[in-house]
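Undergrad: Sequence:
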Amino acid sequence: MPVDAGVERARLAEGYRRFAAGCARDGSVDYERIASGLVRDERVLDLVLSLPAGNKRQPNLLLGVVRYLGGPTGSWEGFRDWLVAHWGSVRQVVLLERRTQTNEVRRCATLLPVLARLDGPLALVEVGASAGLCLYPDRYRYSFDGAAPIGPKDSPVLLECRTRGEVPVPEGPPRVVWRAGVDLNPLDAGEGSDVRWLESLVWPGRNWRERVERLRAAASVAAADPVLLVSGDLLEVLPQVVAQAPEGATLVVFHSAVLAYLSSEERARFELLMGELAGHWVSNEGWRAFPGWEHARPPVEGDFTLAVDGRVVAYTGEHGQSLTWR
Numbered sequence: 052m053p054v055d056a057g058v059e060r061a062r063l064a065e066g067y068r069r070f071a072a073g074c075a076r077d078g079s080v081d082y083e084r085i086a087s088g089l090v091r092d093e094r095v096l097d098l099v100l101s102l103p104a105g106n107k108r109q110p111n112l113l114l115g116v117v118r119y120l121g122g123p124t125g126s127w128e129g130f131r132d133w134l135v136a137h138w139g140s141v142r143q144v145v146l147l148e149r150r151t152q153t154n155e156v157r158r159c160a161t162l163l164p165v166l167a168r169l170d171g172p173l174a175l176v177e178v179g180a181s182a183g184l185c186l187y188p189d190r191y192r193y194s195f196d197g198a199a200p201i202g203p204k205d206s207p208v209l210l211e212c213r214t215r216g217e218v219p220v221p222e223g224p225p226r227v228v229w230r231a232g233v234d235l236n237p238l239d240a241g242e243g244s245d246v247r248w249l250e251s252l253v254w255p256g257r258n259w260r261e262r263v264e265r266l267r268a269a270a271s272v273a274a275a276d277p278v279l280l281v282s283g284d285l286l287e288v289l290p291q292v293v294a295q296a297p298e299g300a301t302l303v304v305f306h307s308a309v310l311a312y313l314s315s316e317e318r319a320r321f322e323l324l325m326g327e328l329a330g331h332w333v334s335n336e337g338w339r340a341f342p343g344w345e346h347a348r349p350p351v352e353g354d355f356t357l358a359v360d361g362r363v364v365a366y367t368g369e370h371g372q373s374l375t376w377r
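Residue numbers (our numbering): 52 to 377.
Incorrect hints may appear among the rest.
[As the list claims (entries may be wrong)] In silico DMTMM-like cross-links for lysine to aspartate or glutamate, where the CA-CA straight-line distance does not exceed 20 Å:
#1 Lys107 x Asp284
#2 Lys204 x Glu264
#3 Lys107 x Asp97
#4 Lys107 x Glu65
#5 Lys204 x Glu222
#6 Lys107 x Asp92
#7 Lys204 x Glu217
Please keep in mind that the hints were generated in silico from the structure rather than gathered at the bench. Since we're looking at a predicted model, the values are computed, not measured.
Please work from the sequences and hints to get the whole structure.
TA: Right under this line is the structure:
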C-alpha cells in the first residue's frame, strides 16, 4: 500500500529536524540553519523525496554534494536557490557517484586503548573503510588530556582526546602487520577528487579547519602506503577478506559509524558473523545499532558505544574527541 505523500514528507522533515538538533550540539550553525529551513519548505522537501528512499535522502549526503559541487551553505536562502537551480547536477552525483562515508580519523584515538590491549601483532580489517584512513592507528601520534604525544615522532597526524574514568592509555600504538578494508565504494586517499569529497562531508563549524587539516594529513599517510580495499557488501565479502589475514597475527575486525546504514535484520546477521570470527570484534557505533547489549546506552546524548566482542567497555565522542571508560 503506497505511503501517503504527506506522511512521507512529514517523516523526511522529522529526520532533517533531528539533524538540525545534532548540528546545534556540534556547533555547525550553517547546517542547523539550512536543515531548519528545509523542514519548512515543501518544494525542497519534494525534491529530496524524488530521490530513492533511505540513505540517498540523508542530510549529510545532500549537503555534502552541494559543497562538493561548489554550492553555498552560508545561508538557507542562498542554499535553497542554488539547490533548485542545480538540482539536476545534485541528483546525478547523489544517485550515481557518491555515498556518505566515514572521514574522521580522530576515532583512532578512542580505538587505541582497546587495540593496544590485544595480543599482537595485529591484522586489521575495517568495515566501512571509506579511504582506509582509520587503518593506520600505528602511524599516528596521540595526546590524551594534553599529555605528551605517544606514537611515531615523524607522523604528520596528531590526534587529541579527552578522557574520563580509568582509561588504559597505552605507552605506544600497537604493532600492525596487515591491514585491509571493505566498503561499498572504496575511496583512493591519493586521488584528489576522493579526498575533496571527504572534505565536503566535514560539517562547517568551529572545528572545520582543524578537521580538514587532520583529514588531509591522514590521507597523505594512507596514500604513501595503500592498503587492500575491497568493494562490496560487507556481509558478502568480509569472510573473503578475513581469510587473507596472515597466520600468526591477531585478527581484529572493527567499524565506526557504519551499522546505522544497515537494516536491523542485516545487523543481526552481522552480529552472528562476528560471533564466528577467529579473532576480535571492535564496534564503535550509536547505541541503537545493538540496543540489547548491557550498558549499550551512553550517559551523554550523541556519544557512541564502544564494545569489544559484544561487551561494552566505553563511550566515545562521535568524532573521537572524548573517551569515557566504564
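Undergrad: Would you mind marking each hint as holding or not holding in the structure?
TA: Quick rundown of the hints versus the structure:
1. Lys107 x Asp284: Status holds; Cα separation ~17 Å.
2. Lys204 x Glu264: 18 Å, holds
3. Lys107 x Asp97: Cα-Cα ~14 Å, so holds.
4. Lys107 x Glu65: Cα-Cα ~16 Å, so holds.
5. Lys204 x Glu222: 13 Å, holds
6. Lys107 x Asp92: 19 Å, holds
7. Lys204 x Glu217: Given pair Lys204, Glu217 is violated - Cα atoms ~26 Å apart, limit 20 Å.
Of the numbered hints listed earlier, the single one contradicted by the structure is hint 7.
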